[in-house]
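Asker: Here is what each chain is made of, one letter per residue.
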Amino acid sequence: MQLIYEQSVPGRRGVKLPASDVPAAPALPTPLLRKEAAGLAEVSELDLVRHFTNLSRRNFSVDTNFYPLGSCTMKYNAKVLENSAALFATFHPMTALLPGGVDFCQGTLGMLHDLGLLLAEITGMDEVTTQPLAGAHGEMTGIMLIAAYHAAKGNRAKKKYVVVPDSSHGTNPASAAIAGYEIITVPTAPYGDMDLELFKKAMTDEVAAVMMTCPNTLGLFNPHIKEISDIAHSHDALMYYDGANLNAIMGKVKPGDVGFDVIHVNLHKTFGTPHGGGGPGSGPVGVKKALIPFLPQPRIVKDAAGILQLETTNPGTIGRTANFFGNFGVMAKAYAYIIMLGGKGLIRVSEQAVLNANYIKERLKPYYDLPYDMTCMHECVFSASKQLAHGVHAIDIAKFLIDRGYHPPTVYFPMIVKEAIMIEPTETESKATMDAFIEVMIEAAKTAESNPQALLDAPLTMPISRLDETKAAREQNVCCAW
Amino acid sequence: MSMYFTKEHEWVKVEGNLGTVGISDHAAHELGDITFVELPKIGAVVKQFGVLGSIESVKAASDIFAPLSGNVVKVNDALELAPEAVNESAEGAGWMAQIEIANESELKNLMNQEQYNDYLKTL
Numbered sequence: 008m009q010l011i012y013e014q015s016v017p018g019r020r021g022v023k024l025p026a027s028d029v030p031a032a033p034a035l036p037t038p039l040l041r042k043e044a045a046g047l048a049e050v051s052e053l054d055l056v057r058h059f060t061n062l063s064r065r066n067f068s069v070d071t072n073f074y075p076l077g078s079c080t081m082k083y084n085a086k087v088l089e090n091s092a093a094l095f096a097t098f099h100p101m102t103a104l105l106p107g108g109v110d111f112c113q114g115t116l117g118m119l120h121d122l123g124l125l126l127a128e129i130t131g132m133d134e135v136t137t138q139p140l141a142g143a144h145g146e147m148t149g150i151m152l153i154a155a156y157h158a159a160k161g162n163r164a165k166k167k168y169v170v171v172p173d174s175s176h177g178t179n180p181a182s183a184a185i186a187g188y189e190i191i192t193v194p195t196a197p198y199g200d201m202d203l204e205l206f207k208k209a210m211t212d213e214v215a216a217v218m219m220t221c222p223n224t225l226g227l228f229n230p231h232i233k234e235i236s237d238i239a240h241s242h243d244a245l246m247y248y249d250g251a252n253l254n255a256i257m258g259k260v261k262p263g264d265v266g267f268d269v270i271h272v273n274l275h276k277t278f279g280t281p282h283g284g285g286g287p288g289s290g291p292v293g294v295k296k297a298l299i300p301f302l303p304q305p306r307i308v309k310d311a312a313g314i315l316q317l318e319t320t321n322p323g324t325i326g327r328t329a330n331f332f333g334n335f336g337v338m339a340k341a342y343a344y345i346i347m348l349g350g351k352g353l354i355r356v357s358e359q360a361v362l363n364a365n366y367i368k369e370r371l372k373p374y375y376d377l378p379y380d381m382t383c384m385h386e387c388v389f390s391a392s393k394q395l396a397h398g399v400h401a402i403d404i405a406k407f408l409i410d411r412g413y414h415p416p417t418v419y420f421p422m423i424v425k426e427a428i429m430i431e432p433t434e435t436e437s438k439a440t441m442d443a444f445i446e447v448m449i450e451a452a453k454t455a456e457s458n459p460q461a462l463l464d465a466p467l468t469m470p471i472s473r474l475d476e477t478k479a480a481r482e483q484n485v486c487c488a489w
Numbered sequence: 005m006s007m008y009f010t011k012e013h014e015w016v017k018v019e020g021n022l023g024t025v026g027i028s029d030h031a032a033h034e035l036g037d038i039t040f041v042e043l044p045k046i047g048a049v050v051k052q053f054g055v056l057g058s059i060e061s062v063k064a065a066s067d068i069f070a071p072l073s074g075n076v077v078k079v080n081d082a083l084e085l086a087p088e089a090v091n092e093s094a095e096g097a098g099w100m101a102q103i104e105i106a107n108e109s110e111l112k113n114l115m116n117q118e119q120y121n122d123y124l125k126t127l
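So the sequences go chain by chain: A and B.
Following the numbering used here, the numbering of the first sequence begins with 8 at its first residue and continues without gaps.
Following the numbering used here, the numbering of the second sequence begins with 5 at its first residue and continues without gaps.
Isolated chain B (complex conformation):
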């Protein structure tokens, strides 16, 4: 199981043909207290770097982008009542959606953990 990141600070954990998606600890920290997460609908078809959902904090509202293309097969409904889970565990219990990966070769457009850590240092 490996974790990949986008420049827009989403992560995806790949297990078989499924990718679990969320925003990074860094992004959650930058956004501040998260107040609302708009999740995609199950069955939605998303393209890599296309809009997957949106997230609101006391500071800002931002889009969440899909790290990979595919079908949304599962969403983390718990976030509707408890969006603070993203602040508490952005890269764990604060996951947002699970995607059935359409094209694994798209992973080459993402960063691995080490590359992402280096990328954060440049910001």
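This is chain A alone, in the form it adopts within the complex:
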């Protein structure tokens, strides 16, 4: 397929304007003029339509195929939610920031405020800021809030460490390191969660926070979570909840109830808004009371008369973390999602997501090694170690799935599982869809034994076959070629 630039023919136009029959406007001042042409492709309207329509047909998305990418919660995004965002499209994002502007946007501020209340209820937090623009941005905001909390107590220098389990999302230690903390990593015990005894040894009064994903990246809920948070609190370390896996526990456990002090929520995962190129994301952060004084500003608060106002004068704030109150359109969709499903609906979301993951786990267990063999939450982690005996790696199974029309599951993560294959079906998939996927996974396992080369050669049905991933990573030459 040619690039649009390769289709360019000098002088070709989609629209040809008639000659002007009014006097020309004075030319713009020279410093404002381009020094050279913009370098756009010159194509007809039909060339353009065909080009982008054909490109879009090569797109792989949850709208076209099953997408069981573990730790990503690639659930179907209901189209009705797009309408909710469109309702706000004509509203200028600066309005609330103009003098007297809040009077004109009680509705939009109200949506943000109410979304914060709903997320606070779901997560067991006291207040939520909707500013962070994605999960990792939420982590950064959360860690800055924790740093501000310790600084206010005069402990900024003393609190040097952030503790993470070795199964954590890589963004957790990265966010803490960027915020200036040293990382202590605690290994996973044979029962699939952070080793409690090693955790106890790691905990001192110099620890600022413990960052956890619960359920963790093995899809397992930590049975010691309350004990862990009690130990952390005994050292005045705060508990940070990475909300990436919130889809497993809505209405079942509130992170705030088991001792978490700060949480980020990925609206684009749990609350049904697009992500993975279709984004943007949104990573609201919830906190317990003790951290409210440090929340980003402007903060949306209700005055005595019930009117929403913007608080901008709090001296303790970590400051503004995003423009325009965050990714508003994403929040409008997430708000509509929560209202549409209601409390009972959200509970069913989690129940169905967990049931689906366990169904896949049980059916594939005879064919793939399951290193942590227990009831999982929203995702299950296999190892391709049985297939490795025939020279087949997780990546080869992933490539084979592409040929069969499936987005591969997450592979090689979490890193504590050798040749990991991490499957998260989500609640939006039917049993028929999962059965078809399971059959293909079984076919892959059988092919690994009977004809391993077939897996090593995959994919064969794509516009291009197996890519040289090593070369792509070693020679990062991504300059435009035209």
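Please note: incorrect hints may appear among the correct ones.
Stated by the list, open to error - Here are the simulated distance ranges between beta carbons: (1) Ala86/B to Pro197/A: 34 to 42 Å; (2) Ser68/A to Ala82/B: 51 to 59 Å; (3) Val77/B to Ala48/A: 49 to 57 Å; (4) Gly47/B to Lys167/A: 21 to 29 Å; (5) Asp70/A to Val77/B: 35 to 43 Å.
What the hints assert, rightly or not - As a list, the in silico DSS-like pairs of lysine-lysine whose alpha-carbon atoms are at most 30 Å apart: (6) Lys125/B to Lys372/A; (7) Lys425/A to Lys17/B; (8) Lys78/B to Lys208/A; (9) Lys112/B to Lys478/A; (10) Lys17/B to Lys165/A; (11) Lys78/B to Lys425/A; (12) Lys207/A to Lys11/B; (13) Lys207/A to Lys17/B.
Calculated from the structure, these hints are not laboratory results.
Treat the numbers as computed from the prediction; the structure is a model and nothing was measured.
Note that the Cβ used here is the ideal one computed from N, Cα and C, for glycine as well.
Place chain B on chain A using the hints.
Answerer: Chain B in isolation, oriented as in the chain A frame:
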């Protein structure tokens, strides 16, 4: 000259007060094709089991830990252009840094070749 190993699969070859550091053949094999090695700066002071650098492969990114405390006196710049040397010869040409050993008694926290081979069997 003897070679010592960490549980995190780094090796150190000790010659006088200098220790040459790299990752083990086992680690290089497990990581798969290595695409990038982040080396420490010459003059950096590292502590035993503290972060010395990092390594990326097509599968994963991992920290490299210092087997011994000391000053970094030399680094293998060639790895910046040719990280594949680690895959080809992890315990030879794929060395990463040389450390001026601060405290030789730290060697007792490391495994010798035989102990490391036994350790690999338990993984």
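Asker: Each hint needs a verdict: does it hold in this structure or not?
Answerer: Verification of the supplied hints:
The given range of 34 to 42 Å is respected by alanine 86/B and proline 197/A, whose C-beta atoms sit roughly 39 Å from each other. For the hinted restraint 51 to 59 Å between serine 68/A and alanine 82/B, the CB-CB distance of approximately 43 Å leaves it violated. The hinted window of 49 to 57 Å between valine 77/B and alanine 48/A holds, with their beta carbons roughly 55 Å apart. Here the CB-CB span from glycine 47/B to lysine 167/A is close to 23 Å, well matched to the stated 21 to 29 Å.
Under the hint 35 to 43 Å, the C-beta atoms of aspartate 70/A and valine 77/B, about 57 Å apart, miss the expected range. A hinted pair counts as satisfied when its Cα atoms are at most 30 Å apart, and lysine 125/B with lysine 372/A qualifies at roughly 25 Å. Restraint check for lysine 425/A and lysine 17/B: satisfied, since their Cα atoms lie roughly 28 Å apart, inside the 30 Å limit. Taking the CA atoms of lysine 78/B and lysine 208/A, the gap is about 35 Å. The hint is violated against a cut of 30 Å.
The straight-line distance between the Cα atoms of lysine 112/B and lysine 478/A is roughly 40 Å, outside the 30 Å bound, and the hint therefore fails. For the suggested pair lysine 17/B and lysine 165/A, the alpha carbons sit about 36 Å apart, so the restraint of at most 30 Å is broken. Distance hint between lysine 78/B and lysine 425/A is unfulfilled; the C-alpha atoms sit about 33 Å from each other, more than 30 Å. Between lysine 207/A and lysine 11/B the alpha-carbon distance is near 21 Å, which keeps this suggested pair within the 30 Å criterion.
Of the pairs offered as hints, the one joining lysine 207/A and lysine 17/B is violated, with about 34 Å between alpha carbons and a cut-off of 30 Å exceeded.
Hints 2, 5, 8, 9, 10, 11 and 13, counting from the list given before, are not met by this structure.
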